[in-house]
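Peer 1: Sequence:
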Amino acid sequence: MEVVQVRSRQFQCGVDNQIPIYCWEPDSESPIRGLIQLVHGSCEHAGRYEHFAHFLTEQGYVVYANDLRGHGRSVTALEDLGYFGERGGWNAMVAELYEVTLLAKEEYPNLGLVMLGHSMGSFLARQYACTFGGGLKGLVLSGTAHHPRGLLHMGHTLANLSIMKNGSKHRSKLLFNLSYASFNRRFHPARTKLDWLTRDEEVVDRFLADKYCGFVFTASGFRDMFEGLLFITDRAWINQTPRTLPILLLSGTNDPVGDYGRMVKRAYHEYRNAGIPKVRMKLYEGMRHEILNEIGKEDVYREIADWVNQCLGE
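Residue 224 in my numbering sits at position 220 of the sequence shown, and the numbers go up by one each step.
If you are wondering where the hints come from, they were derived from the structure by calculation, not from laboratory data. Don't take each hint at face value.
Distance condition first, Cα-Cα at most 25 Å in a straight line; then the derived PhoX-like pairs of lysine-lysine [to be verified]:
#1 K141 <-> K109
#2 K197 <-> K215
#3 K169 <-> K141
#4 K286 <-> K141
Can you build the whole structure from these sequences, using the hints too?
Peer 2: Given below as structure tokens:
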């Protein structure tokens with residue numbers, strides 16, 4: 005099955021936000037199986053998922069993704085990367101994901117939709133499921149975790165203090181170190197500061213060379229993220245996830261974001277304790293954070309495709 009060139013467009017969100025949307029479609033007369041909406045992680049952009057999107061189109065799926073606000077081509081100047089707005093940027097990103105869903109269902113009204121979020125995208129997808137999950141046929145969470153709420157409250161407080169002292173667009177080394185600095189510690193001798201992403205050195209080098217990757221969030225961006233993480237770890241909100249929603253958690257055993265599997269298992273049990281029976285988890289031995297860009301990613305791709313097929317009744 006051949007793949008047409010990706011379609012892209014922009015939609016207006018608020019007064020000053022243009023959100024780029026990308027759509028990959030199978031170029032074939034074969035029936036389309038369904039829709040998959042991808043949500044990328046922090047400090048990257050949707051274009052990094054093109055290889056995976058091509059694989060999904062070969063399986064008969066239409067794939068939608070957008071650059072989250074403060075990421076990729078949602079900004080008009082590189083200095084705006086990592087800035088989501090003065091307040092409420094996290095909730096705005098969730099609302100914008102819903103706008104992408106509405107567009108996908110408008111263009112393909114008779115097809116079911118599965119959402120896949122990676123890393124920060126998985127956290128956004130988890131909040132999305134609390135509010136809009138009734139419209140999903142399945143939810144895939146890649147590189148996710150369940151963070152201790154005490155640490156999240158501390159991070160939120162420090163972000164607010166940074167904003168009060170230096171302004172919402174300040175880039176705080178303290179906030180960055182609290183959130184990311186420990187991730188590379190296990191990988192010695194380290195070739196780069198981002199060895200924790202994947203064992204595939206070409207992927208790491210492309211990330212380092214990409215002007216839309218690897219930036220530091222602003223203080224307000226960190227505040228927004230901590231607010232979102234506090235939301236998704238609140239059991240009252242976890243309980244809002246539809247009980248019938250199938251959920252698949254995937255991670256690597258060497259992923260520091262999920263504390264090498266421990267916090268992935270915690271997220272799994274949080275869903276099980278909320279009375280959601282259709283939850284599965286798989287940890288890939290030796291893989292690091294970006295399992296979709298890892299050595300051996302083909303196994304991950306096939307796992308996702310098989311699971312999505314089941315969700316959509318095939």
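Peer 1: Please verify whether K141 and K109 have alpha carbons no more than 25 Å apart.
Peer 2: holds, 13 Å
Peer 1: Would you mind confirming whether the straight-line C-alpha gap from K169 to K141 stays at or under 25 Å?
Peer 2: violated, 45 Å
Peer 1: If you draw a straight line from the CA of K286 to the CA of K141, is it 25 Å or shorter?
Peer 2: This hinted pair holds, its Cα atoms lying about 19 Å apart.
Peer 1: Does K215 sit within 25 Å of K197, going by the straight-line distance between their CA atoms?
Peer 2: Status holds; Cα separation ~16 Å.
Comparing the model with each numbered hint stated earlier shows that hint 3 is the single one that does not hold.
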